[in-house]
Amino acid sequence: MLITDPPRAGMHEDVVARIRELAPPVIVYVSCNSATQARDLALLKDIYRITHVRPVDMFPHTYHVENVVRLEKRNGPSDASL
Numbered sequence: 631m632l633i634t635d636p637p638r639a640g641m642h643e644d645v646v647a648r649i650r651e652l653a654p655p656v657i658v659y660v661s662c663n664s665a666t667q668a669r670d671l672a673l674l675k676d677i678y679r680i681t682h683v684r685p686v687d688m689f690p691h692t693y694h695v696e697n698v699v700r701l702e703k704r705n706g707p708s709d710a711s712l
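Under my numbering, think of the first position of the sequence shown as 631, with each following residue one higher.
Please keep in mind that the hints were generated in silico from the structure rather than gathered at the bench.
A virtual CB, placed ideally from N, CA and C, is assigned to each residue, including glycine.
Please note that the accuracy of each hint is not assured.
Have a look at the derived ranges for each label pair, beta carbon to beta carbon [what the hints assert, rightly or not]:
1. 691 - 648: 33 to 39 Å
2. 677 - 638: 23 to 29 Å
3. 680 - 637: 20 to 26 Å
4. 692 - 651: 34 to 40 Å
5. 662 - 702: 21 to 27 Å
6. 691 - 654: 34 to 40 Å
7. 654 - 687: 26 to 32 Å
DMTMM-like cross-link-like pairs, simulated, lysine to aspartate or glutamate; straight-line CA separation at most 20 Å [to be verified]:
8. 675 - 702
9. 675 - 644
10. 675 - 651
11. 703 - 676
12. 675 - 635
13. 675 - 643
14. 703 - 651
15. 703 - 635
Taking the hints into account, I'd like the entire structure generated from these sequences.
Listed below in structure tokens is the structure:
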């Protein structure tokens, strides 16, 4: 399992490349910026599928929300449509 909590700018392209190389079976991606998280998840979608998404309000009375996504490694081409 890999847990990543990148800065607001999201994961650097070298980090995404290394994750793809390591190919852990499960990734938990915590983000404070859903736009950069979506960008990064798009770079992993051919290898991983999203199985859970949970917004977490860690800062009450502000508009800041953390988003936690669980990804699981795809089994093969038949899993690509999920």
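We went through each hint and held it up to the structure:
In this structure the hint that residue 691 and residue 648 lie 33 to 39 Å apart at CB holds, the actual value being about 37 Å. Range check, residue 677 to residue 638: Cβ separation about 24 Å, and the 23 to 29 Å hint holds. The supplied range of 20 to 26 Å is met by residue 680 and residue 637, whose beta-carbon atoms lie about 21 Å from each other. Between residue 692 and residue 651 the CB atoms are about 37 Å apart, so this pair conforms to the stated range of 34 to 40 Å.
Distance hint check: the CB atoms of residue 662 and residue 702 are about 23 Å apart, consistent with the given range 21 to 27 Å. Between residue 691 and residue 654 the beta carbons are some 36 Å apart, a value that agrees with the proposed interval 34 to 40 Å. Against the hinted window of 26 to 32 Å, the Cβ-Cβ separation of residue 654 and residue 687 comes to about 28 Å, which satisfies the hint. Restraint check: the Cα-Cα separation between residue 675 and residue 702 comes to about 10 Å, which is no more than 20 Å; the hinted pair holds.
With a CA separation close to 17 Å, the supplied pair residue 675 and residue 644 stays within the 20 Å bound. Between residue 675 and residue 651, the direct Cα distance comes to roughly 14 Å. Compliance with the 20 Å bound is thereby established for this hinted pair. Distance hint between residue 703 and residue 676 is fulfilled; the C-alpha atoms sit about 9 Å from each other, no more than 20 Å. A distance of roughly 18 Å separates the Cα atoms of residue 675 and residue 635; the hinted pair therefore holds under the 20 Å criterion.
Between residue 675 and residue 643, the direct Cα distance comes to roughly 15 Å. Compliance with the 20 Å bound is thereby established for this hinted pair. Between the alpha carbons of residue 703 and residue 651 the distance comes to roughly 12 Å, so the proposed pair stays at or under 20 Å and holds. Distance check on the hinted pair: residue 703 and residue 635 sit about 19 Å apart at the alpha-carbon level, within 20 Å; holds.
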